[in-house]
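Add chains R, D and F to chain L, keeping to what the hints say.
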Amino acid sequence: MSTKKSYYFITRRDFIKGAGVMGAGLAASPLLSACGAGGGASSGPVKIGILLPYSDIYAVLGESITAGIEMYLDEVKNEAGGRKIELIKENTEMTPPIAQQKATKLVEQDKVDFVAGVVSSGVLMGTRDYFHDNKKLLICANAGANAISRGAKTPYIWRASFSNWQPNWPLGTWAYENVAKEAFISVPDYGAGHNMADAFANSFEAAGGTVLGKQLTPFPQMGDPAPFIGDIQNAEPPMVFCFYSGGAAVTFVKAYGEFGLSGNIPLVCAGFTVEEDVLPAQGDAALGVHSGLHWALQLDNAENKKFTAAYKDKTTKDANVFALQGYDTGRVIVEMLNSVQGDTSDVDKMVEAMGGISFDSPRGPFKMDAKSQNPEQHIYVRQVQDVGGELHNVVLEDLGAFADPSDNSLG
Amino acid sequence: MENFIIQLLNGLVASMLLFIMAAGLSLIFGQMNVINLAHGAFYLLGGYIGLSVVRRFDNFWLALIIAPLIVGGLGVIIEYLFLRRLYGTHRHLDQVLFTFGLALVASDLIQWNWGAYVESVAPPTLLAGHIPVFSLTFPIYRLSLIGFGLLLALALWLFLERTRLGAIVRAGVSDAQMVSGLGINIHLVFAGIFALGTALAALAGVVGSPIRPLYPGLDFEILILTLVVVVVGGLGSLQGAFFGSLLIGMADTFGKAYLPEFSLFLIFAVMAVVLLIRPAGLFGLKENGQ
Amino acid sequence: MSLLTVTNLTKHFGGLAALASVSMTVEVGERRAIIGPNGAGKSTFFNLIAGELLPTSGQVQLEGQDITKLPVNERANLGLGHTFQRNNLFLGLTTFENVYLAVQHHQGITKNIFKPAGQFSQVTAQTTEILQRVGLLEQQHEVVSTLAYGQQRALEVALALATEPKVLLLDEPTAGMSPAETTEMAQLIENLPHSLTMMIVEHDMDVVFSLANKITVLHYGQKISNGTPAQVRADPIVQEIYLGAGYNENVSK
Amino acid sequence: MTSLTEQMGLSTWLGQKRVKLGLIIMAVILALIYPYVSSLYFLSLAIEVFIFAIFAMSLDLLLGYTGLASFGHAAFLGLGGYILGYISSRSDLALNLTSNILITLPLVIIGTALIAFIIGFFALRTSGIYFLMVTLAFAQMLFSIAIRWSGITGGSDGLAGVARPVIGLGSFSYEFSSRPSFYYLVLFFFLLSWWLLRRIVNSPFGWTLRGIRENEQRMKALGYNTFRFKMAAFVIAGTFAGLSGMLLVQFFRHAAPGNLYWTMSGQVIVMLIVGGTGTLIGPILGAMVIRLFPLFVSSYTERWELLLGLLFILFVLFAPKGIMGFLGVKPSTLLTQEKRPSG
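Protein chains in written order, with numbering that gives the first Met the number 0: chain L, 0 to 410; chain R, 0 to 289; chain D, 0 to 252; chain F, 0 to 342.
Just so you know, these hints were derived from the structure itself, not from any lab.
Ideal Cβ positions, reconstructed from N, Cα and C, are used throughout, including at glycine.
There may be inaccurate statements among the hints.
Mimicking DSS-like on lysine-lysine, the simulated pairs with C-alpha atoms at most 30 Å apart in a straight line are [unchecked claim]: (1) D:K165 <-> F:K16; (2) L:K76 <-> L:K134; (3) F:K16 <-> D:K114; (4) L:K88 <-> L:K348; (5) D:K213 <-> F:K16; (6) L:K366 <-> L:K316; (7) D:K110 <-> F:K19; (8) L:K76 <-> L:K316; (9) L:K366 <-> L:K313; (10) L:K370 <-> L:K180.
Just some of the chain L residues that point at chain R, by a computed CB distance under 10 Å [unchecked claim]: (11) S54; (12) Y57; (13) G61; (14) E62; (15) P217; (16) D223; (17) P224; (18) P226; (19) F227; (20) A247; (21) N263; (22) G282; (23) D342; (24) S344; (25) D345.
Extracted from the complex, chain L is given alone in its bound form:
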């Protein structure tokens, strides 16, 4: 009999009592906590916690947003409302428990005045109760979960980014009028995917369009999308609407081209699917794709020209929508601090100031909508085009300004 396959994984284990070490460890920790300074002060530097992912698949988003925030703060020499600004960055990774651990650290240990950042909707929803219960202000730089402007709204969370509904609802009407009357929908099966698909379908159907089919793909790991592309081939729709981001966006769009669908079945999508962070990897498969978003690299206005040029200067990469949102987050922070004259001791005053912020952003007019606590902003139809040998998003049409409806009536 071969003994090779019998595993004596653990042969001998120590057996110990004595919990002293642990007690000692815990006893030492309060001493470390004494280092924290008082929070909510109105003198000294304003401390802002930055809660962003810096590792794994969302790292690019975290880095872009950080670069954007820092760029704007540099423009105002790191000063607003008469006080210096100090950023304390924490890596949320991707998981809500870690994000909440980091939020706790920022608020209770570092005693930050308020927090900015948050990429994923999961993290936003997961930390929502913490900010709400502790009456701490969070300025969200990305996560678009509709709920945070609607059912899960709290006075303490404001967005400088978008709601998932925003780019897609206007796009539905536009697609009906300009692309096709029937559409097949492909989105990942999670909150943001549902939000985006619902918004698109709502206005598309209201305009008279028909949704031929809807495919929900696994998230966060789609794997090989070929079977899903096969389903689309089989359905032979005159148009496909989709939303993907990061790795899935590249995988999906590339497979779309590989199977010869690019150019034959028009692809209309939420702008993140073909945003500047994934376009280089997608290559020609993305050429001609239409998308709706609140910004575009080639958007023609003075602010944007300044922003995109400065960003490329600073990072050597082309700006993307996340960097733009970071930049505007920096602007919102500064505007708010100016408005309260640097007094961060009263969170209600800061919250009140948030509602009155409006300025000319690289994305066009930015007006904070006090009802949805999310910007009212213009939505653009963009198309991926060859711009001097590189693929970029070029604006085809400005669909006008939209604010989140603050309820689920429009998808």
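For chains R, D and F alone, coordinates are given in the frame of chain L:
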């Protein structure tokens, strides 16, 4: 019907990519009794090295050779420096844990070096484009991947069944002590097999990169699927790796196409059923743990 | 009714018949030795009875009950205790703990999930008693992997004894021992109560003839002789195998 | 290698029953007064450490005592959390039934025990490496269910808005709304778990598990139905993991699929190896080190995952007995637990 054939082809593509991974994992296990949890990291590393080669020399075929060579060499070093310290009946768990630690470290180092952007590799020009399959279309690269996987399976089978080295490896599957007794340097065999296994992972990374873009986290995504394949097929058996890959590749593809709500769940359900009927996997050499 | 009845027991490994249709009976109180040259099928025969292997065909009955397909643990619970040819102990535990594990199962306290093991005084007492019987009481606190080989061999027997079997199957109890250790082991087995039925596979003919009152000889998987020690010794076929074929009595010592 | 404490002559001192008892009492007293000396932030760290200590101890019963290397233990952490979340989240998806732990706790225990039984039924048919992979695969299956079954679980966003735990009986009701009060709740469950698990591993049942770890074949030869014992251990471990998952979700007020992802299973194994398996105390130390390590390091370096991986490899290669091995406390034997009979 057309859709069914397209999905069948898709299933074969997925299966062949899985097979290249599973063959390497299974080979290492069969010879050394180590489950290499860093196998996914070697896949990703192979893919990224391939990416760098393609960027630098604009030659996919070169990447196909260089990446497995580098990763295989790395495998030898790791086997020599670390794994060798952990041989012995009582340290199987330590070996697995070591490869787990290695996977954590490798995953971070890869991100450090290549960044977190999603990267994709274009297929070689020769294989770019798509051809009609009935009224639908199918990419040429994916078709050739099926052929490549089948050829590789044949080559591995010939190596194991028809060569002296293969005979030694097969003997090692059943009895390492006996091989030592025959005066063969078992350490050399171990190092060689570990190198071959890791090189196969890197090869999978390169041939996979045109259809599965590279990004941090892909390593563990691929690893889990490969583990399911070898559990279903039976560890240490090439036939097991092959038919396990087919079963899981097909289950995954047809699950996505026809039962999308259960797509992720389906492959695990297949695994549970196989375990219920044959705890050692479809081609498992023996009842494990006996 | 015989205590143990084996009928036409056959085991094939691949195409090879390791055991071909062997039948025999063991009566209460019998001390039966199974002997035969290397490759005779002794170990296979033994493992088929103990349940470590399942037969290709044939039947094993204990007290008239068919146990052919029962798993090892159920056979043990019916009173079939066995030792292993190669030491098969709990190497990381102490000698005392090794025996305790056997005793606590036999006394049926293992479902107890909250009371500390050391507080079951009947179990500890019997453990101590068995350790005394096999001469390992002094080593009771030592981790088994540190024991001398002969001591580990004695523990092997102690574990089987602790389950108070109806039939004790001993698989080469003196394998690999020095002559002095062999004598000690033989003494230990000899001193076991004569009411205990025993089956023993053994190479050392001195041990066999001093212990056994019945002997079965296997050769190439077949039973070729069966009887009292004197009968077997006189059997010309046995003599041919052991002497004529060039084997001496202590073939594999 | 002589350990540090051996060189200092400490191990005999540590081995004395009186000393051990004294250390335990001291630790408990420290833990009791901790909220009065700690900042709120460090209180939350302690809460996390205690929750993960329960999780790690539960795995120790499998890995350390029974020798079953489960790489999917997070399945039960996540499951316990989802059951609690589904019962007491205010989300539209959830039942929003009650947060009374007198109701939620039994439901979590029954639910995780049931699933542990089902997974165990499959997984325990295998052993060794197969067991490791099969448990991993089952955990991933639960993860994919959690992700896909979004109508119940909230998909990848999880179930937010979990109500704070309440204890209520008749007209009496107390809400653990402040952090110190929740700390004491967690401390209570931690001490209870530790005491229960300690009793279990020192019972005849616990020694049976050690026997299986050392040599399952021999246990069968002695008459043990080892499958049943392994199943019992698997279910008990799963239940304690479920309890820790419940507390984790009550603390973060959010049930998320990340809690049953393989990284969580990997993390708890790291805790065990760093702390030392088969000791119950080791996993507690491991939970402390691993949960606190990234907190202190990640603020300074973005490469903490690398550091953690390297630390883990070093332990596997050079200190497989973990911190407990460093402390050099010898394994206790069955007899030394109680009075040694003379002889």
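Quick rundown of the hints versus the structure:
Between the alpha carbons of D:K165 and F:K16 the distance comes to roughly 42 Å, so the proposed pair goes past 30 Å and is violated. The hinted pair formed by L:K76 and L:K134 meets the criterion: a straight-line CA distance of about 29 Å does not exceed 30 Å. A threshold of 30 Å between alpha carbons decides the hint, and for F:K16 with D:K114 the separation of about 18 Å falls inside it, so the pair holds. Between L:K88 and L:K348 the alpha-carbon distance is near 25 Å, which keeps this suggested pair within the 30 Å criterion.
Using a Cα cut-off of 30 Å, the hinted pair D:K213 and F:K16 is violated, with the two alpha carbons roughly 55 Å apart. Between the alpha carbons of L:K366 and L:K316 the distance comes to roughly 28 Å, so the proposed pair stays at or under 30 Å and holds. Distance restraint check for D:K110 and F:K19: the Cα-Cα separation of roughly 28 Å lies within the 30 Å cut-off, and the hinted pair is therefore satisfied. Taken as a hint, the L:K76 and L:K316 pair is honoured in the structure, with Cα atoms around 23 Å apart against an allowance of 30 Å.
Restraint check for L:K366 and L:K313: satisfied, since their Cα atoms lie roughly 27 Å apart, inside the 30 Å limit. A C-alpha spacing of about 33 Å is found between L:K370 and L:K180, which places the hinted pair above 30 Å, so the restraint is violated. For the restraint placing L:S54 at the interface with chain R, the shortest Cβ-Cβ distance is roughly 7 Å, inside the 10 Å limit, so the hint holds. Annotation: L:Y57 was flagged as interfacial toward chain R, and the flag holds, the nearest CB pair being 8 Å apart, inside 10 Å.
The interface hint given for L:G61 is met, as the beta carbon of that residue sits about 9 Å from the closest beta carbon of chain R, less than 10 Å. At its closest, the beta carbon of L:E62 sits 8 Å from a beta carbon of chain R; the interface hint therefore holds under the 10 Å criterion. About 5 Å separates the beta-carbon of L:P217 from the nearest beta-carbon of chain R, less than 10 Å, and the hint is met. Annotation: L:D223 was flagged as interfacial toward chain R, and the flag holds, the nearest CB pair being 5 Å apart, inside 10 Å.
Residue-level restraint check for L:P224 holds (minimum Cβ-Cβ distance to chain R is 8 Å; threshold 10 Å). Residue-level restraint check for L:P226 holds (minimum Cβ-Cβ distance to chain R is 4 Å; threshold 10 Å). Look at L:F227: its Cβ gets to within about 6 Å of chain R, closer than 10 Å, so that hint holds up. Because the beta carbon of L:A247 sits about 9 Å from the nearest beta carbon in chain R, less than 10 Å, this interface hint is met.
With its C-beta approaching chain R no nearer than about 9 Å, L:N263 sits inside the 10 Å limit, and its interface hint holds. Because the smallest distance between the Cβ of L:G282 and any Cβ of chain R comes to about 7 Å, under 10 Å, the interface hint for this residue holds. Restraint check, L:D342 versus chain R: the minimum CB separation of about 38 Å is more than 10 Å; hint violated. The criterion of a C-beta within 10 Å of any C-beta in chain R is not met by L:S344, whose closest approach is roughly 38 Å, and the hint is violated.
For L:D345, the interface hint is violated, since its Cβ never comes within 10 Å of a Cβ in chain R; the closest pair sits about 39 Å apart.
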